[in-house]
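> Start from the sequences and build out the full structure, keeping to the hints where you can.
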Amino acid sequence: MISSLERHLLSRRQILQGAAGLSAAAMMGSRAFAAPSTPISFVGWQYQPQIVEENVKSFMKLYDENVNYELVSGDYHPVAETKLTGGQHIDMLYSEENYIARWHAANWIRDIESLPGVADIKAGMFPVSVESLSLPNGGPLCGLPYYAGYNTFLYNEEHLAKAGVQAPETWDAVLEVCRKLKKDGVSEAPFHAMWQQQWPDMSWYMFAAWYSEGAKVFDADGNFVDEPALRKILEINQTFYKEKLVVEDIMTLPGEGVPSYASGRHTFMVVHDYNHKVANDPAVSKIAGKVRNAIMPGATRSTMAWTAAYLMGSQPVDEERVWNLLQFFGGKAKDGQYHVIKRWALEFGLGSGYKEVMQDPEIVASFSKWRDLDISAKQLGMATSRAIGKAIWFPEWDMFMMQQVQEYIRSGSSTDQLVASLAAKASELKAQYQ
Numbered sequence: 088m089i090s091s092l093e094r095h096l097l098s099r100r101q102i103l104q105g106a107a108g109l110s111a112a113a114m115m116g117s118r119a120f121a122a123p124s125t126p127i128s129f130v131g132w133q134y135q136p137q138i139v140e141e142n143v144k145s146f147m148k149l150y151d152e153n154v155n156y157e158l159v160s161g162d163y164h165p166v167a168e169t170k171l172t173g174g175q176h177i178d179m180l181y182s183e184e185n186y187i188a189r190w191h192a193a194n195w196i197r198d199i200e201s202l203p204g205v206a207d208i209k210a211g212m213f214p215v216s217v218e219s220l221s222l223p224n225g226g227p228l229c230g231l232p233y234y235a236g237y238n239t240f241l242y243n244e245e246h247l248a249k250a251g252v253q254a255p256e257t258w259d260a261v262l263e264v265c266r267k268l269k270k271d272g273v274s275e276a277p278f279h280a281m282w283q284q285q286w287p288d289m290s291w292y293m294f295a296a297w298y299s300e301g302a303k304v305f306d307a308d309g310n311f312v313d314e315p316a317l318r319k320i321l322e323i324n325q326t327f328y329k330e331k332l333v334v335e336d337i338m339t340l341p342g343e344g345v346p347s348y349a350s351g352r353h354t355f356m357v358v359h360d361y362n363h364k365v366a367n368d369p370a371v372s373k374i375a376g377k378v379r380n381a382i383m384p385g386a387t388r389s390t391m392a393w394t395a396a397y398l399m400g401s402q403p404v405d406e407e408r409v410w411n412l413l414q415f416f417g418g419k420a421k422d423g424q425y426h427v428i429k430r431w432a433l434e435f436g437l438g439s440g441y442k443e444v445m446q447d448p449e450i451v452a453s454f455s456k457w458r459d460l461d462i463s464a465k466q467l468g469m470a471t472s473r474a475i476g477k478a479i480w481f482p483e484w485d486m487f488m489m490q491q492v493q494e495y496i497r498s499g500s501s502t503d504q505l506v507a508s509l510a511a512k513a514s515e516l517k518a519q520y521q
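Position 339 (the sequence shown) corresponds to 426 in the working numbering; numbering is contiguous.
Among these hints, one or two may not hold up.
Stated by the list, open to error - Here are the computed lysine-lysine pairs in the BS3-like style, where the Cα-Cα straight-line distance is at most 27 Å:
hint, residue 1, residue 2
1, K456, K373
2, K419, K456
3, K373, K331
4, K465, K364
5, K267, K373
6, K148, K421
Hints are computed from structural coordinates only; laboratory data are not their basis.
What follows is the structure, encoded as structure tokens:
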């Protein structure tokens, strides 16, 4: 018997039917060792897939295992939902935290609370990560951490020195400094952010900015909250675009807009914290060594924090085998090492949901080369997790929001009209999923 959520998603399947994943099994080559004949199926999104393949091979060697890794090359979560709705068997898959409750309600994933060692694993994680990876209202743990991050506020210190200004502490000050930087010829497009219509881009940027100004966006009952702080952030961003303080193609730039920032064109950027490493990497950035992190501007100076997940399918091919895979990627392997998590941290600057990992001397030394650790720790301590993401209807509202906010910024249309449409869509989806 399928759930009400599955029935709803089945009706949407044709919209997404054209999306497809790229299987990486053929790239693995033939295996010479004696491993189980039935492979563990693992589905992931398009971030450093060659590294993931290498990690899969390491797991197979350590555990004498058989894994089929499938790379989703399109918009990950809708494609994953298409696969799950169509009945594809998946043992382990990536997910952002705002899909966990939705996929659990559809009986596509299971919780892992009762599996061996979970109590110790939870004790070793930051509380915010445990909350992110669990079902709402103190529910059971559903995943292990892929990485933990937040949106950071970056600035080019050379640009600010030329303009004779300090890092701004309010959004009004950001706007005024950007106007000065443009007028003085320091930067033609001083402000930069992730405005692309993708789940980690415009969505995470808007919520980080909203939280920094103290906007709730949604209350504890899942009702959309129209308040001055929410409107202020919308109008500030519309002004950035109207006054050409951002590049015209900001909504379509590749790579979360990071290559454009690394070119030296911009002064400020709100971006995932690990991209600070890219901006200060002389191999790929023209402004390496000049990029500093600051506390987010705004009334509260908060930001959005999250923990991405490895989830277990509801019907694993073998619970013990799949649990081994989850722990290898999202925790310690049987040899006691954080093989995957530590590699992500050292090579790509990805933070971790584990206290032990973030206190590792090698990781501390590595991170200190490209960001101010005191500021990042302070910012993370002020961060807000997106509780509304646990609502099973939220991903659909989120996509609608990104579309509407992009159009609002481009067109210069009414804030009243936008806010009314966002509130109406939230009410519509809540009623639809009851």
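> Determine for every hint whether it applies to the structure shown.
Tested hints:
no. : hint         : in the structure
1   : K456 to K373 : 17 Å, holds
2   : K419 to K456 : 26 Å, holds
3   : K373 to K331 : 23 Å, holds
4   : K465 to K364 : 18 Å, holds
5   : K267 to K373 : 23 Å, holds
6   : K148 to K421 : 12 Å, holds
When each numbered hint is compared with the structure, no violation occurs for any of them.
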